[in-house]
Amino acid sequence: MRYLTFEKGSEQIVGVLLDDSLSVLDLSHESCRDIMAGQCPNLLEMVKAGLPLMTKKIKEKIEGRAYDQNAIVSLDSLAICSPIPLPGKVVGAAYNFTDALDERSMAYPTEPVIFIRSGNTVIGPNDPILIPPDVGNVGYEAELAVIIGKRALFIEPEDAMDHVAGYTVHNDISGSGMIKEDGGNFVRGKNMPASSPLGPFLVTADEVVNPYAIQIKLDVDGRVLQNGRTGTMLFKVAELISYISKQMPLEPGDIIATGTPAGLAMMHQPTAWLQPGQTVRVELEGLGVLNNPIKKGAPFLE
1 MRYLTFEKGS EQIVGVLLDD SLSVLDLSHE SCRDIMAGQC PNLLEMVKAG
51 LPLMTKKIKE KIEGRAYDQN AIVSLDSLAI CSPIPLPGKV VGAAYNFTDA
101 LDERSMAYPT EPVIFIRSGN TVIGPNDPIL IPPDVGNVGY EAELAVIIGK
151 RALFIEPEDA MDHVAGYTVH NDISGSGMIK EDGGNFVRGK NMPASSPLGP
201 FLVTADEVVN PYAIQIKLDV DGRVLQNGRT GTMLFKVAEL ISYISKQMPL
251 EPGDIIATGT PAGLAMMHQP TAWLQPGQTV RVELEGLGVL NNPIKKGAPF
301 LE
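Going letter by letter, the sequence shown gives residues 1 to 302 in my numbering.
The hints are simulated quantities; they were obtained by calculation from the structure and are not laboratory data.
Since the structure is predicted, the reported quantities are computational estimates derived from the model, not experimental observations.
Virtual Cβ for every residue (Gly too), placed ideally from N, Cα, C.
Treat the hints with caution; some may be incorrect.
Said to hold, decoys possible - With beta-carbon atoms standing in for the labels, derived distance ranges:
id, residue 1, residue 2, range
1, Asn-70, Gly-183, 56 to 62 Å
2, Gly-88, Asp-182, 21 to 27 Å
3, Gly-183, Glu-63, 54 to 60 Å
4, Ser-118, Val-224, 26 to 32 Å
5, Tyr-108, Pro-249, 39 to 45 Å
6, Val-187, Arg-33, 30 to 36 Å
7, Pro-109, Thr-271, 22 to 28 Å
8, Pro-109, Gln-275, 26 to 32 Å
9, Gly-9, Lys-296, 28 to 34 Å
10, Pro-293, Met-161, 32 to 38 Å
11, Gln-247, Ser-10, 37 to 43 Å
12, Asp-20, Ala-66, 29 to 35 Å
13, Arg-188, Asp-221, 25 to 31 Å
Hey, can you work out the whole structure from these sequences and the hints?
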């Protein structure tokens with residue numbers, strides 16, 4: 001199932017993309033109140049409550065057409081947000097694709113290299129990425145993101161996939177100039193405002209048969225800069241969940257960004273650092289598209 005969060009008046013509402021990929025079932029409609037227990041749907045709360053059971057009930061409603069036709073809205077008419085607009089945290093995996101490491105002649109790490117983003121950096125699939133004028137070079141990173149479905153603490157790899165609610169598309173916008181200035185420390189460079197596009201859907205885990213057979217493609221103004229596959233991921237999803245869960249608890253709705261393939265900005269000639277006025281597009285096969293304009297942001301270091 002493909003869940004999305006969209007704006008409806010002053011609220012953010014959850015819907016389900018129907019099989020035609022053009023229509024959305026608005027779960028806030030009164031004909032869906034039996035599923036939502038009378039509450040305004042919130043995808044983070046749905047994940048916390050147990051998304052597989054909720055998904056089963058929604059599938060039964062859709063298959064039985066047990067909803068009012070007025071609950072159906074056109075996907076094109078919606079202002080789509082990040083599926084989970086304010087996750088608790090985003091945990092990123094650096095240096096996690098072998099083709100990207102090979103491209104830079106870097107040794108493969110012996111264990112995952114991770115960093116943390118604030119959930120406040122997350123924006124929606126069409127929102128502007130804001131580039132501060134005082135941070136130096138800023139790059140893109142097209143990624144598969146994993147949405148955690150239940151609390152994970154000291155989890156072994158063989159049990160890790162039971163903690164996955166679903167997958168989505170991520171663009172890990174990085175202040176590479178600051179990371180270099182900080183001697184490789186990721187904290188500042190990964191926490192600029194409006195620097196973590198996420199979405200457009202939460203695709204439930206049961207629909208992603210093989211998370212290592214997904215094409216990852218990124219272009220800026222039509223110039224293709226990344227074209228790889230998740231199969232070159234060094235540490236797989238289960239390994240990442242297990243490793244991270246032994247460093248900190250993973251909570252429902254947390255995001256794991258699994259890393260990016262070859263084609264980073266500094267590797268192109270000319271280099272491809274992001275600039276205001278451009279548009280960056282990320283597509284993951286079967287998961288959807290992020291299409292974010294780039295605008296000048298406020299100074300970050302003042």
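Cross-check of the supplied hints:
1. Asn-70 / Gly-183: 56 to 62 Å: 57 Å, holds
2. Gly-88 / Asp-182: 21 to 27 Å: 24 Å, holds
3. Gly-183 / Glu-63: 54 to 60 Å: 56 Å, holds
4. Ser-118 / Val-224: 26 to 32 Å: For Val-224 against Ser-118, whose Cβ atoms are near 30 Å apart, the range 26 to 32 Å holds.
5. Tyr-108 / Pro-249: 39 to 45 Å: 28 Å, violated
6. Val-187 / Arg-33: 30 to 36 Å: 44 Å, violated
7. Pro-109 / Thr-271: 22 to 28 Å: Between Pro-109 and Thr-271, where Cβ atoms are some 25 Å apart, the hint holds.
8. Pro-109 / Gln-275: 26 to 32 Å: 31 Å, holds
9. Gly-9 / Lys-296: 28 to 34 Å: 30 Å, holds
10. Pro-293 / Met-161: 32 to 38 Å: 35 Å, holds
11. Gln-247 / Ser-10: 37 to 43 Å: For Gln-247 and Ser-10 the Cβ distance comes to about 38 Å; the hint holds.
12. Asp-20 / Ala-66: 29 to 35 Å: With a Cβ separation near 18 Å, Asp-20 and Ala-66 fall outside 29 to 35 Å, so the hint is violated.
13. Arg-188 / Asp-221: 25 to 31 Å: 27 Å, holds
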